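Grab the two chains, each in its own frame, and use the hints to assemble them into the complex.
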Amino acid sequence: MKKLTFFYHLRHLAKNIIKNRVRFRLVILGLMVPAIVLMTSFFVIDSLYYSQFNLYYHYEENNLIQVDLSSSEFAPRKYLQEMLGEQMVSFQNRAKGYLFDVFTETNTINLYYDFIATNQSFSGGLVMDGDYVMPSTLVSGRLFELDDFTLNRPVVILDTLSASLLFPSEDPLGRSITIPLYATRPEGTVVVEEVTLEIIGLVETAMNQEVSFVEKLKNEESFQYAVQLYTTTSIEFENVTYVDDIRYVFYHTKPLRRMDPFYFNGITSGVVVYDVTYFQQIVSEIQTEFTTLKIGFLAGSGILLVLSSISMVSILIFAVKERIGEIGVKKAFGATQVRMMSDFLFEGIMVGLFAFLIGFIVSIYLVYSGFFVYRLLNPIEFFYTVFIEFRTILLTFFMIMVSCLTATIIPARYAAKININDAIKFE
Amino acid sequence: MIKLTNVTKSFGDLTVLKNINLQINGGEYITIMGKSGAGKSTLISILGLMDLPTSGDYELDGQNIVHRLDDELSRLRNEEFGFVFQGYNLISDLTVLENILIPVMYSRKKQLDEAYLEDLLRRLDITHLKLKVVNKLSGGEKQRVAIARALINRPATIIADEPTGSLDLGNRDAVLQIFRELNQEGITIIVVTHDITLTKDAKKVYRLSMGHLL
Numbered sequence: 016m017k018k019l020t021f022f023y024h025l026r027h028l029a030k031n032i033i034k035n036r037v038r039f040r041l042v043i044l045g046l047m048v049p050a051i052v053l054m055t056s057f058f059v060i061d062s063l064y065y066s067q068f069n070l071y072y073h074y075e076e077n078n079l080i081q082v083d084l085s086s087s088e089f090a091p092r093k094y095l096q097e098m099l100g101e102q103m104v105s106f107q108n109r110a111k112g113y114l115f116d117v118f119t120e121t122n123t124i125n126l127y128y129d130f131i132a133t134n135q136s137f138s139g140g141l142v143m144d145g146d147y148v149m150p151s152t153l154v155s156g157r158l159f160e161l162d163d164f165t166l167n168r169p170v171v172i173l174d175t176l177s178a179s180l181l182f183p184s185e186d187p188l189g190r191s192i193t194i195p196l197y198a199t200r201p202e203g204t205v206v207v208e209e210v211t212l213e214i215i216g217l218v219e220t221a222m223n224q225e226v227s228f229v230e231k232l233k234n235e236e237s238f239q240y241a242v243q244l245y246t247t248t249s250i251e252f253e254n255v256t257y258v259d260d261i262r263y264v265f266y267h268t269k270p271l272r273r274m275d276p277f278y279f280n281g282i283t284s285g286v287v288v289y290d291v292t293y294f295q296q297i298v299s300e301i302q303t304e305f306t307t308l309k310i311g312f313l314a315g316s317g318i319l320l321v322l323s324s325i326s327m328v329s330i331l332i333f334a335v336k337e338r339i340g341e342i343g344v345k346k347a348f349g350a351t352q353v354r355m356m357s358d359f360l361f362e363g364i365m366v367g368l369f370a371f372l373i374g375f376i377v378s379i380y381l382v383y384s385g386f387f388v389y390r391l392l393n394p395i396e397f398f399y400t401v402f403i404e405f406r407t408i409l410l411t412f413f414m415i416m417v418s419c420l421t422a423t424i425i426p427a428r429y430a431a432k433i434n435i436n437d438a439i440k441f442e
Numbered sequence: 003m004i005k006l007t008n009v010t011k012s013f014g015d016l017t018v019l020k021n022i023n024l025q026i027n028g029g030e031y032i033t034i035m036g037k038s039g040a041g042k043s044t045l046i047s048i049l050g051l052m053d054l055p056t057s058g059d060y061e062l063d064g065q066n067i068v069h070r071l072d073d074e075l076s077r078l079r080n081e082e083f084g085f086v087f088q089g090y091n092l093i094s095d096l097t098v099l100e101n102i103l104i105p106v107m108y109s110r111k112k113q114l115d116e117a118y119l120e121d122l123l124r125r126l127d128i129t130h131l132k133l134k135v136v137n138k139l140s141g142g143e144k145q146r147v148a149i150a151r152a153l154i155n156r157p158a159t160i161i162a163d164e165p166t167g168s169l170d171l172g173n174r175d176a177v178l179q180i181f182r183e184l185n186q187e188g189i190t191i192i193v194v195t196h197d198i199t200l201t202k203d204a205k206k207v208y209r210l211s212m213g214h215l216l
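These protein sequences, in sequence, are chains A and B. In this text, residue positions in the first sequence follow my numbering: the first is 16, and each later residue adds one. In this text, residue positions in the second sequence follow my numbering: the first is 3, and each later residue adds one.
Honestly, the hints are just simulated from the structure, not real lab data. The structure displayed is predicted, hence computed values, not measured ones.
Straight line, CA to CA, 20 Å or less: simulated PhoX-like cross-link-like pairs of lysine-lysine:
#1 A:Lys440 - B:Lys37
#2 B:Lys134 - A:Lys34
#3 A:Lys336 - A:Lys30
#4 A:Lys30 - B:Lys138
#5 A:Lys336 - A:Lys34
#6 B:Lys205 - B:Lys5
#7 A:Lys336 - A:Lys432
#8 B:Lys20 - B:Lys5
#9 B:Lys20 - B:Lys37
#10 B:Lys202 - B:Lys37
#11 A:Lys34 - B:Lys138
#12 A:Lys30 - B:Lys132
#13 B:Lys134 - A:Lys30
#14 A:Lys440 - A:Lys336
#15 B:Lys5 - B:Lys206
#16 B:Lys37 - B:Lys206
Cβ pair distances, simulated, as ranges:
#17 A:Leu372 - B:Lys205: 53 to 61 Å
#18 A:Thr303 - B:Lys111: 53 to 61 Å
#19 A:Ala314 - B:Tyr118: 56 to 64 Å
#20 B:Asp127 - A:Leu372: 38 to 46 Å
#21 B:Glu116 - A:Val401: 44 to 52 Å
#22 B:Leu216 - A:Val37: 50 to 58 Å
#23 B:Val68 - A:Ile310: 54 to 62 Å
#24 B:Arg124 - A:Val37: 35 to 43 Å
#25 B:Lys205 - A:Arg40: 52 to 60 Å
#26 A:Arg36 - B:Phe13: 37 to 45 Å
#27 A:Leu41 - B:Phe13: 35 to 43 Å
C-beta: ideal position from N, C-alpha, C; glycine also.
Only chain B is shown next, with the shape it has when bound in the complex (with noise of 0.2 Å):
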């Protein structure tokens, strides 16, 4: 379970996201959506742990992270969370396999579930592409392949920033329904989005204006 309590975001003295209260319960699929500049990758990274709030409170299962060290943060964002980029940010000269397993690289077990990961590909359809270099692939294969990468260390919660957004209709679609998936297998999904056709899966949907949460 994830819950903002008061956060606040702020860059000198620009207040990006101001008093946010949310709480996302384990297994929910979330959307938020807003407008360019709303502050939705701001919200994002803090719920992400990729960034801290200025104030206000962050728990995490119950636990308050915003005090941890940065070490923990890394921990917690390599174990807990998965990541899906609208620019996929795949490393562009690895392989689909490389790619995939950065997050193994980093966590601290570094043991890889080798049947998980045949699975993961083929469920994903990309088993063919696995040494494959990621620049050769087309949109919907390289999304595939981010959302592989974010699954590999099973995450408890998969965010989304914008993850159809450089995708045609067809693949869009696609991930949608991997997404539609996971969250019936009891993954967390939040997808931020400007995209309304995005929210229609989506149990709750947010609305961040002005840097408030609506």
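Okay, chain A solo, but in the shape it has when bound (with noise of 0.2 Å):
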């Protein structure tokens, strides 16, 4: 009986709602749009968040520390071979394929490089602004040393491979290579002229595997890639069609302890002033502007739930009145006030279960096909998934709860006052 009971009183809402459907569908639009926004801007915020986070945490449980290198000209590559001696130093940085020539006075190898640092995975090697990487073993000759960048010495370590290429029957090292001057450059490289570049060292292949960047980073799947050349000096670069933002390069200290920050600062002292960002307080700086971010949207939403219970109250005291007949029938026959009040509340919390229904899937909607439209729009620096936080359901469906308990006590009451006499002479 009690399910029967249910049954008649959602049975009896359904047919008020179909009867009365222009201020019913008011009353639904009213809370469903704060629950939309709620939830949507939340789903959003959320979404980035945790997909930065994840990105951070990645760079942590790597034990990356940030150098933002956007003020600075030089790049603290010596500072950091000096520290670091023979243990190489990586940096990743996000970009897309390079693709240049090497050659010598009878050979040449086409050089295609495939860079980028998903948040799956980390691998070094990268020539960038005079930058260098060197994620492999000296085999012969020498690495670079300070004056190599002082004096600005065209001097080139190339891996054994591409050695063995260019040089397949001679020693190559005092040999010289060269690298043409290309049309194109990607922003953010120094302009030179052709290189002709002394061969001083040679490392051992750092090549892992052939890769195809784009599709890799389309798959999200985790790649390295071939580091064959390293030089002191900017390379032009051809068919370069992306290169991310610079600003950061993050050097990789795994093998090390963890370097103090200012250890940085103090051995470029006077030359660069670097700001290392370590995890913790990247977190914290995206916590605090996320929060305030979502307090935002939440007083926003709160203000137009405020203002559809407002007007919800009207439109539900209009609905009584309209309904005085029926009430009196039902008092007649033993509905107490309780009962009236109840009938009345239930008929709220269903349109505002409704309402949130509806919201919800408006907001996944909206969120998914959001990020999709970014996505397809922004293939390669796109590393968001989406995040639905619980938390943010539960929130939007006690407001919206709240709202409509809140704004159905008064019509409700007023529907368990009226007088049966008056009722059902209404009729």
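Pasting the structure below:
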């Protein structure tokens, strides 16, 4: 019988909604809009937050520290090399492909570099802005020394594979290679003439596998890439389709103890001040940023809900007035004041639930489609995944229910207090 | 048994019922007649516990109910009385069955005797209508639905306010026949009307005039 009562009221409510379609549509819309604003904004913010959090968490897990080079004119390579010795420092940057030729008097090789560090992977190797990486062991010759940079010596270190291709039957040490000038260059690199570089060292080939950068990135796969050439000089690249934000390089300190950030400041004193940011600081910053955003949207949704509740009260009082005859009959046949109130509160809750469900579906649709479109437009740099926080759903549900109950109490009390005789006559 | 003692009902300065004394024994069939404005509806409201007297006593089965709480009066209305109104007072967008079940929905026991329901529908010849929305029914059918609703909780008393006022002769006779049968089964019938033809089955006929019961 309880089930019968529930469905009885539910059917009655459905009939009332159909009968008073416009009025109920207004009420549902009034509740739905703040629900959508709240859930959509929170879902987006949570997704951005957790995606960034995961990214930085990856750095933290891999002992990466972030060094901001945006205001620096010099890369910290020499200091890092001093510090790390043969341990080799690698850094990552987010970029697309680089294709360039390296040739000698007799041979030419075409080097294609894929560089990327996704939030799933980290691997070293990129020549950029005079900086260098050497994630492999020295085989012969020497590594770069400080004077190579300060005197801007045209020197290069090759991997053994490139060296064997360029100099199949000769010792490459002391020989020269030429990298021609290309018409296009990636933003952020130093413009140079065609350069001829003397080979000062050979390192082990760091080519792990042949990868298709774009495909890998699309599939969000982690991968490593080859580093075949290291130079102190910037190189003009051909077919560079994209160079991402080069403000940040990530120095991989995993084999070492965690560096004091002021260590870099100390060794670069008078030259460059590097801003080193740690994981906790980054997380704390994005937390503050996103919490502020959330509070803003929460307040906005709250205001919308209050306005909706106010209009809901007047709409429901009007609905009660229209149903005075029905109320009279129910009271005549034994409905107590409490039951009358609970009937109307039930209706309010069901309307709220309905608005919440529609709002939830619309929000999910908006967030997923928004992220999908953004991903289509930005396939390379997009690493966000949609994160639906249960707390957000619960919070929205709670807010909607509280608004509905508050807005329904006045009409429900009004219905409960209606005089039976007046109501019966009304019919 | 219903017993009113010196019942007076006033609305502001207007006294509608004046020192009404009335005793209705269980199983009686009584008719209360009176012109419009004589206070019939007010009396029926008080008899049906939909309103309380300004002064005087109301005893229901020996219990004075004048000072009972509103919820208690609701329970008594639900369990002891069934109402039939001139304008049917059915909820127009509900089906016949949903209208009939209203008293069950608001009863404390919330127990539906399905066999009794089926019997009631058959007896009032509305079985075939039970899933129809009431606003599609004729006047006679509506009044039979209203009677079924009044009877669903097996009340001791049926209070009918001008029950045939909106019906044609054929339907009027059918309704009166139902009341007659119900009374023969021991249900107290109280009919308020200004139609003298409704008094023929009544064991007692009262006349209400200027607030006095004669």
